[in-house]
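Those sequence lines, one after another, are chains A and B.
Start counting the first sequence at 2; every next residue gets the next number (my numbering).
Start counting the second sequence at 181; every next residue gets the next number (my numbering).
If you are wondering where the hints come from, they were derived from the structure by calculation, not from laboratory data.
Where a beta carbon is used, it is the ideal one built from N, C-alpha and C, also for glycine.
Treat each hint with caution, since some may be false.
[Said to hold, decoys possible] Derived list of chain A stretches under chain B, where covered just means 3 residues or more per stretch with a C-beta under 8 Å from a C-beta of chain B: (1) 8 to 16; (2) 22 to 29; (3) 187 to 195.
[Said to hold, decoys possible] With the Cβ distance kept under 8 Å, some of the chain A side facing chain B (calculated, not the full set): (4) R58; (5) I198; (6) K299.
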Amino acid sequence: MSTVGLIANPLAGKDVRRFVSAASINSDRNKIEILKRCVLGAVDAGAENILLAHDFRNLSLRAVESLNLGNKIIEMPIETEGNRQDTTRAAEIFKKEKVKAIISLGGDGTQRDLISGWMDAPLLPISTGTNNVFPFMVDPTVAGTAAGLIAADKLEIEKVARQAKVIHVELPNGTKDLALVDVVLVSERLTGSRAVIKPDSIKQVIAAIANPASIGLASIAGRSNPVYFDDDIAISVSCDPDSPQRVTSPIMPGSVSDVGITEIKQIELGATINLEGPGVLAFDGERDFVIGEEEIVKINVLRNGPRVIDPNYAIQTAAANKVFLREE
Amino acid sequence: MEITDEVLIDLYKRMVRVRLFEEEAGRLAESARLPGFLHLYVGEEAVAAGVCAALKNEDQITSTHRGHGHLLAKGGDFNRMMAELMGKATGYCNGKGGSMHICDLDLAMLGANGIVGAGVPISVGAAYANKLTSNDLISVSFFGDGATNIGAFHEAANMAAALSLPMLFVCENNEYAEYSPRDKTMAIADVIERAAAYGFPGAIVDGMDCVAVFEAATLAIEKIRNGEGPMMLECKTYRFYDHVGVKGTASNYRTDEEVEEMRKRDPLVIHEARLIESGVMTDEEIKNFKDTIQEEVDKSVEFAEQSPFPENDDILLDVYTNGGRT
């Protein structure tokens, strides 16, 4: 079955960074319109079905209710709880149903939740979050078309997708976690409002993607020593507010900070590095785990993540293959 | 903004004051020792504690019909509150306001309000005065999700934004407007989208975590005090008891399972565990503090029950000039 999976994080783009940066509120209505355009693009490109992940705001259901797509729309049979596990559980069902492409609306954190349920998912992430290193800023119609073409076997995913790196984390209590863009140790004592606001609190940045043109904590690494999606390395940058070596980094939208750095180290894929507490570990921009004094977190970066569909490249490939041309 | 031990303890103490007072008020209402309506704030303590801990004493707040928590978190007096709930002359409004009209101008608490949404424009007025007098104060309005469907809220939001007033809108989104689920009465789920519509920033925070609320409120308040205009903090929270009283009307607008599920996120329990785990307070210190507050609450009941009712002759006092006397 040529199925496209569709999921949106209702809470993306609404956290406290709106108080201290120029980040805008990404409304539910905006997300619904994006979802609509994705669906229309995908169906037009040949997707036979759209598998909708329920979200606790029913954004996906509301997006399709006026589209009259009948039995092309399949609702995912799960109850939502209004937390990140909703995304992870939805990804597990996408995997079970063998959807050929997943369109996922959110920021970096949303994509992290998704791959927690399907590590090497065929993923087309669309930016609706605050920091968006991983997802694409792309017109949703184009994104939908790209996913639809893959679902309909008009494009081979192997030719238009690249596998992402994943930062694998083993916490002091033995549990495993992961991030797609960065894991950052900050000198806070609690997860609090979750966002990392204070540049002086940043102790160490581990980034799988460190793009100098991106927004967020990974920009500290990106502007110190860029590491791109396709580079088979990761980067570690140690920070100290008193260091004379400085790097200007937009750690939030419109909010450029002067961050003191002390050491830049490349990390080979598969190599294990340790972070030592105390502090709070932020995953893809959100404070998520408190580490006690002398507790050790083990980190290694592998290229075993989602197969990321580049919508622009996919459409260009399709056009080169004359997929859009037909004879009447 | 550093989350010191003192901050963590302060947040806890504010929440305990609200919780123990309200649980006692609930027991009194159930046993018919306390008259009138009683809208309990239990479950939502992290919001009042987190916001009030981030304010100066002189910053004004306006409250709702579920307003005990706001005044108590700002330092309200148990005796005067309990006396007011019982309609006694020693109460905050001399016994003539009751639960829904508690106010304390000395604490810059400009009043709870029996009319949904009506406190918001009052806060706008205070913020306007702050701006005109350049006194470096801000005003805070607490309101629920349901209040944002009321015209007064929209006029207030528009005016605060148009005049760039030093005001923090704090939405306590507990998902129910009295007995109506939010999704039956609103086409949006996040009230901050209404802030964006009027042209000012808003952010969502976990309203069951006092530290998250405190952090977010502190960030917003700093910006507001610096003249950046109004902001909205939406706290996702939940009331553990019914709209009115403890057992309420037993109408089936929400399930027992839902309430039980949310009780697992009790803000007091979460914060208490955090304090013990991090060694900020010991079990014994917590028990002693609770015992002390419970004693104060018990004394307030005694004080209120022994206090006189207002005199009949004073019935028009505070209503008309000179109490209606010529």
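Would you pick out the hints that fail for this structure and give their numbers low to high?
6
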